[in-house]
Structure formats: structure tokens, C-alpha cells
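Trainee: If you want the building blocks of each chain, they are given just below.
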Amino acid sequence: MTLAPPPSSRVQLTDDGKLRHFLSVEHLSRSLLEDILDTAASFVDVGGRAIKKVPLLRGKTVVNLFFESSTRTRSTFELAAKRLSADVLNLDIAKSATSKGETLLDTLRNLEAMAADMFVVRHQDSGAPFFIANEVTPGVAVINAGDGRHAHPTQAMLDMYTIRHYKGGFAGLRVAIVGDVLHSRVARSQVHALNILGAEEVRLIGPRTLLPVAAAESLGVTVCHDMTQGLKDVDVVIMLRLQKERMDSAFLPSEAEFFRLYGLNNEKLRHAKPDAIVMHPGPINRGVEIASEVADGPRSVILNQVTFGIAVRMAVMSMAISGQESSQNPEQGDQHGR
Amino acid sequence: MAAKAHLLIRKGRVIDPASGRDEVADLLVEDGRLVRIGASLDAPGADIVDADGQWVIPGLVDACVHLSLPDSGRAGDVTSETRAAAAGGITHLAAQPDCGPVDSTAVVRLIREQAGQAGFARVLPVAALTQDLDGVQLAEMATLARAGCIAVGQAGAPVADALVLKRGLEYAATFDLPVMFRPQDAALAAGGCAHEGPVATRLGLPGIPAVAESVELARDLLLVEATGVRAHFQQISSRESLPLLRAAKARGLPVTADVSVHHLLLDESALEGFNSHCHVIPPLRGAADREALLAAVADGTIDAVCSQHQPAGSFSKTAPFPATRPGISGLDTLLPLMLKLVDDGALPLHRALEAVTAAPARCLGIQAGHLEAGRPASLCVLAAAESRTLSSHWLSAGRNSPWLHSRLPGAVKLTVCQGKVSWLSD
Amino acid sequence: MRWNEAEIEARLTAMAERVAADYGEAPPALVGIQSGGAWVAEALNARLATAAPLGSLDVSFYRDDFDTRGLKRTVKPSDLPFEVDGAHLLLVDDVLMTGRTIRAAMNELFDYGRPASIRLAVLFDIGHRELPIRPDICGETLALPPHQRVELRGPAPLVAEVIEIPVKADE
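Residue numbers (the working numbering), protein chains in the order written: chain A, 61 to 398; chain B, 515 to 940; chain C, 974 to 1144.
Excised from the complex, chain A in its bound form (with noise of 0.2 Å):
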């Protein structure tokens, strides 16, 4: 029996096709993450001016709803907002207030008094900013700062923008995706995003340990255990970061042989294209996924990801309140006044 829940891109979209919310990439069209790119491009520029701010969001009111502490993700989405000339308030909810699910509708009832405009809402548990966007008063735009295993759609569209910023497109790429992808919502949704965006291959490597079962047939992608394979010929080598309680939890016998077979050095990265580029979401662990030489080499993009994340921040900020206001206003129309 077919139920209908609703899929993910019925909750994010509007009816006419326009970006609500931003809660994952999967189920998006191959136009609307180009839209997203190329409006970050736009975004890019305001941090190069005297005043690194445009009005577009001004009176607007953004809350950064982080029930799993980030600094890092929480400031590039501050700094983002503030761009936008909206006004910020971070609050951190401690994981113990909102074991229970009652207690997360209530905080978020209790912060509709605020007249949030936008809620940003990082969570450890898959599917809580999907439950958040159905739960919120309508015109208030959720963006996923990441959610359990499910989703980061940001870092991931900061990754595209990267990715598109160096190789001036997404065909015939290859692409491998390093590590610890079981556990890693960025991988779930880089994946999307380079199948979504016309990439040749996505690779996964890692033991099986660390990749998720029937990811081929799940996610689309080709499964490799060994470097030297994955690699050949890839024009993109993205490495994940490997949490230390891996070790405690039986998945990994010790960071050491970790990083002999799948750890990223210039040996194995001769496997790769001579042009590859090594991307990072950070932080990086050097010498576990990742070896200094490679990690601070030529062929590190790791640093320039920050300055894009900001803009891609933004643009996805701007294009969700923007579907909420043409939703509310279904009077919209593509003639401007002049």
C-alpha cells in the first residue's frame, strides 16, 4: 500500500517551483542548484566591497537554532545573515532540554513570539529540520545546518560552488568522496548535489565499516575499498573527517592503519588527474584522513571554502525568505517597477 508522505521537495518548494525552505538538495532540480550557485556568485562579490552588506534582508529577524553546538557552521550562518543586513540571534539548546519531542514543539511555539523570519536549525537527529518546516507558522523559512546522517545542504552546495569554481563545471567529473561516509550527512548530500548537477561518477572509499549498506543502489554511486582504484583518474578527491570515537565503537582498529590504507598523501594522490583538486568540510584532522603535505599542498582548496560558504550562505538565506514572501504574496510578478 502506497502512503503519501510528503517528499522533500514538496515541503521546500512552492507551488511554483521556488524555494521555501532549504532542507536537502535531493529531489531538486539540476536548475534550481545552478540558481543557487550563481546567485552565490552574485554574494561573492559584497564581501570584496568597502561595505560588505546588502539591504536585501533588512527588518527581517534570523535564529540560528543550534541543538548540537558549532561554533564554526553557527558563525559562517551569523556572518551570512548579517550580510544581509538581517538581525541575528543565536541560541544553543542543550541536547538534554529537548530529548523529548514534545519539548522541541514547545521551544519552537515559545520562539514564534520572536517573529522569526528564518529559523537555521543544526539537530542531531535525522529529519528534525523536516519536521521543524512542517511544525513552523507559515512564511517562516528553515534552512538545514545539518541534521544527524541525513543532510548538510549548505556545506554541500558550498563544496558544488568549490567544485564548479575550479573546474568550471560538473561534466565528466569524477569525483571520490574519502572516509567516514556512514556517519557523514555532508557526503549524503554531496552526493545528491553532483548527481543532481551532471558529475560522471561519484566514488565512495572507505572500509565497510564506514559506508553505508546498499549505497550503490541507495545513493547512485560506485563503492570502492581500496585508494589506489578510487582514485585513479578523479578530477575531485574529497576527504571527510574521521571522528575519534570511531576507534571506541569497533569500526576502526586504530587511526594509524586508518590512515596507511584511505589517510590522503601525495603517493596516493598520483593516482588521481594531475589537475585534482582536495577538498575538506574541516576541520581537519592531519595525519588521520589527511597528511599536511597534501592538506597545505597546491592542490588544497580547503581554505577558499570558507569565503564561499559565507555567499552560498547567503544566497540559499535570500532565495528561501524570498519563496516565503512570493508564497504569502501570490500577486507576484516578474514586472518590475521601473
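Everything labelled a hint here was simulated from the structure, so no lab data went into it.
Glycine included, each C-beta is placed from N, C-alpha and C at the ideal position.
Which stretches of chain A does chain B cover? Using the computed rule of at least three CB atoms under 8 Å from a CB of chain B, they are:
{"no.": "1", "region": "189-196"}
{"no.": "2", "region": "275-286"}
Now the in silico label distances, taken between C-beta atoms and shown as ranges:
{"no.": "3", "chain 1": "C", "residue 1": "ASN977", "chain 2": "A", "residue 2": "LYS333", "range": "49 to 57 Å"}
{"no.": "4", "chain 1": "A", "residue 1": "ARG118", "chain 2": "C", "residue 2": "GLU1103", "range": "13 to 21 Å"}
{"no.": "5", "chain 1": "A", "residue 1": "ASN194", "chain 2": "C", "residue 2": "ALA983", "range": "55 to 63 Å"}
{"no.": "6", "chain 1": "C", "residue 1": "ASP1038", "chain 2": "A", "residue 2": "ASN194", "range": "26 to 34 Å"}
{"no.": "7", "chain 1": "C", "residue 1": "ASP1038", "chain 2": "A", "residue 2": "ALA110", "range": "19 to 27 Å"}
{"no.": "8", "chain 1": "A", "residue 1": "ASN194", "chain 2": "B", "residue 2": "GLU805", "range": "25 to 33 Å"}
{"no.": "9", "chain 1": "A", "residue 1": "THR163", "chain 2": "B", "residue 2": "ASP858", "range": "38 to 46 Å"}
{"no.": "10", "chain 1": "B", "residue 1": "ARG681", "chain 2": "A", "residue 2": "LEU321", "range": "43 to 51 Å"}
{"no.": "11", "chain 1": "C", "residue 1": "GLU1134", "chain 2": "A", "residue 2": "ALA110", "range": "35 to 43 Å"}
Straight line, CA to CA, 20 Å or less: simulated SDA-like cross-link-like pairs of lysine to any residue:
{"no.": "12", "chain 1": "C", "residue 1": "LYS1045", "chain 2": "A", "residue 2": "ASP98"}
{"no.": "13", "chain 1": "C", "residue 1": "LYS1049", "chain 2": "A", "residue 2": "ARG224"}
{"no.": "14", "chain 1": "C", "residue 1": "LYS1045", "chain 2": "A", "residue 2": "GLY77"}
{"no.": "15", "chain 1": "A", "residue 1": "LYS328", "chain 2": "A", "residue 2": "ALA316"}
{"no.": "16", "chain 1": "A", "residue 1": "LYS113", "chain 2": "C", "residue 2": "LYS1049"}
{"no.": "17", "chain 1": "A", "residue 1": "LYS113", "chain 2": "C", "residue 2": "ASP1037"}
For chain A, the structure is supplied; the task is to place chains B and C on it using the hints.
Mentor: Same frame as chain A, but now just chains B and C:
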């Protein structure tokens, strides 16, 4: 509900899977007993129910219901839930031992009292195998059985120590108490909330592998064989478990099994969009598992189909998927969903009805689930051709069901539980 | 009403002459507003004796109707390849109406720096002003009823046409 001395149900299509009877006939109930089934019966002074065009089937036996006692954290109470059972054509239900937990005669007495007062359905308590379901210290099984428990079990709580389990089974076997198992290896399932498969991979939901069930089932079956205890395996969910069950039955072990009706209708794809109404344990598995389970019900490897009723308040599902409480409120939908499986051509009619009547009665070792002259009358009159949207007829206090707003076949007109009318639709 | 390529070119030439006359030997930096204004700015530049610095603005992030109309589907990066501080700027657009686009453009320019002066050149002025803004150089002034607009099509050839639009309460 007042007992009616004489009740004549006329011209219904009487379907009794246990005996193979399927014919238009009259049924006469006198003093609570089904006295006769036959053509054109006459009973002066009897209340007459016109069942023309309707079906008369045995009262349903539900082998797995999680009842609501205070502190169980579930919605409703014994009265509300047994009333929902009666409205769903269910006359007998096995109450799982996690509502108390059922490790003292006081709890057993409380359940029986409340159910007796309400009078909607026969509640058959299952006792805890270990105290507080802790998997460590044995519960007073013999005493609990004397107080009215029909079996012992753990309601999904693990018994990690195989020695404790072996002794528990030996002890239960001493008193010929059947043991109900819900096999799931706790370590393999730890932290999981969805079938470890393509959908969980995509949604990033922590997985419960199919092998969590089969590895424990294998252990349990070997211990059953070693101890000779009667065993019933509940809520089989994965196809890997089926060869183990078949082999055990072929060896002649006293083993039966059931599956929840949800696992026959839904698979992991129902979780799409983080639909928390489809968050159940064991998890909904792959499409191939669902097909295999249906085939196993059809060929009898799985004996019975149950509701796995877990009524929950609305707040229990208003949370991100992994934080929601697993379970579906199933009493209102057990019969309609079985009829849907028949309509869909997934199960033959007689087998589908047997799987919710005579088969679960056999699994539980109780006299019920068939229409036999001389026995207390437990039956259900059903307009099988009707269909309705359940939300406006919903009776369980738990509205946590993916089918709450679905249109499903069948409308129960009358339920008679042990000779008393327990449900009469208006 | 429509303007063919030759008619548009005639107006552009006249405008370029005005620019040369107003600015003399030191041509201003031309700033065209995406997308019609950028075409006009480019055409003017081609007609100036000494090529001027040429930039373009996409004012989408500065519009005052974001709340009601949202963001344009494709926003192009603004591109000002010269120092704005102390520069004499000639802002160029294809059609001037309410003046709100020009206000947005001036706001954006000031986020780049403090120009020495800003003047405004438009191909068409169709009236219905809502802000105290006038063109310094204008190809043609029209008096159109509220339900009509001029639409410039380009980049090559540049032609224009009066089009009908549904009347909206807020315009």
C-alpha cells in the same frame, strides 16, 4: 452490555476458516453459547440480526496488544482499548507484559478486573519472564499463570544472558507455559530506528540490520529445542528469519510465529519524508521482505497476523523521526487491513481470516477463533463490501496510525464476545 | 508603438553627443543597470571618442520590493572594474519610470565607495515618477498610460516596443 438470552443471526455468509465452512446460514446463540448453525433456523422470542449480504466470522484473536495501564506511557486505558478491539471485531487479545510490567499477581488482577468490568473483550495477560523485564531474575511464572496469565514473555526486552534464558525456558516448560519471543539482538539493534537498507542509508537514519532478528531467532530456536518449551515468535520482520522457522517446524519443534499486519502492507519506503507514523520496532523492512512475509503467511510458516497495537498520545509522534516513540495503534485497523490484503490479492480469504482467528488462538493455546456449536459464542458480523474512512470511526485513544485517514474495506456491524454483545454499530 | 534598430541608434548617438558635451575631455565611468541599462551603456561607450570605464550593476539585492516580489530568479554579479571613490559616474538605464531602481542603484554604488558625482542617462523616460529623480540625459520622453511600458530588446540589435501589462494596485 446486557447479555441477550437468544440471538438469531440470519442469512449471513458464515465463514469459519477452522472448519472450512463457507455458506449462507443462520446462527443461533442461546445463553451465551453458539447452539446451532444451519439453514432457516427458527427461534421464537430471539433477537434477530439480519446479516443478509454480510459475513459472519469468528471473533478475531489478536496475539499482540500493548495495553495501556497507568504509567505505561501509552494513550487510553483498558476500557478504551478493549472497546476499540470490540469495534474492530476482536474478541480475544493477548496483553503483552510491558504494560505494568506484568510481574506480579496484583497487575494481572488489575488488568483482568478492568477488562472484566468493561466487558468489551477477553483480555489474556502474558506474564513477564523476568522480574521488571530486566532479563536477570526470573518472575514468579507459575504464580502468574495461576492468576490468569496464558504465557510468559519479555515484550521485546532482551535477555542477554543465554544462561538466564535457558533456565527461564526450563522453568516455563516445567509448568507447560508457552513462551513468547520477540527476537532482536539488542547490541545489533542498538541506536537504530529503521531497517538497515537503502532508505535508511539515504535518510541517514541509524539502521537495525535484518540479522539482528535472525541471529537472535537462531539462538532462541536452539534453546527452545534444548528445553522443549512451547514457543511463539512474535513480529517476524525479515526474510532471513523464515528458513530458520521452517527448519524448526520441520524438525517438529513446538514453534509458532506471527507477523504484524503492518509488515505485510508496508515496507521501508513508507519512511520517505520521515513519516514517523511508520516508525515501528521491528522496523519495516525491504520490499522483498514484505513479499517473503506474505508468502510465509500464505504457506503457514507464519501462523498468525497480529495488530501489535501500541496506542500513543499525539505528542509521541510530534518530534523528529528518531525521537518519536515507535508503534502503531492497530486495533481499529487489524480486520480492515486483512480485508485489504485479500482485496489486493495478496492473501486468499480463508487463510487471511484464519490468520487472525483460529491460528492465533492455536498459538496462544486458547479455545477461540472458530464457530463451533456448543462453544461460547465469539463472533463478528461484518459488512465486507462497505468501505470507510477510519478517522471518524476511530476508537482507540491512540490515533498514531498511518491509516488514520485512509479508506479501508469492511465495517463491523456486531461483535459478540463469549455470548455477550460487545459491539453493535448504529 | 515600436522603435527599429535605426531609430534606437539615432537616439543613442544623440545621447552619446550629450555625454561628450557634458563631460568634455574626461569621460565619466559608465554604470549600466542589468540588463537593458548595461546594453545601453555599452552602446554609448562605443560611440564615445575616448572609451570610458564600463561597469554594470544588478540591483536585485537593493530593491525595495523584495517583501512583495521576492528575489529575481537569476541575479548577475555587479561588476565595477574601477575605483568608485572619487569617480564621476554616469548611471545608465533603458527605461525610467518610478525612480525606485535608480534609488536602489545609488544605494548600491555607495556601498562601493563615495563617488564624486552621479548623473543619470536613460533611453526612455515614461513618467509616473514616485521619487524625486530626473534624468540628466534622455533619449526620448513619453507619456504612457499606467498599463503600458516600454520594453527594450537586445543586446543586438537593440529594438524597443510599447507593451501592455496588467494594471496593479500598487503601481
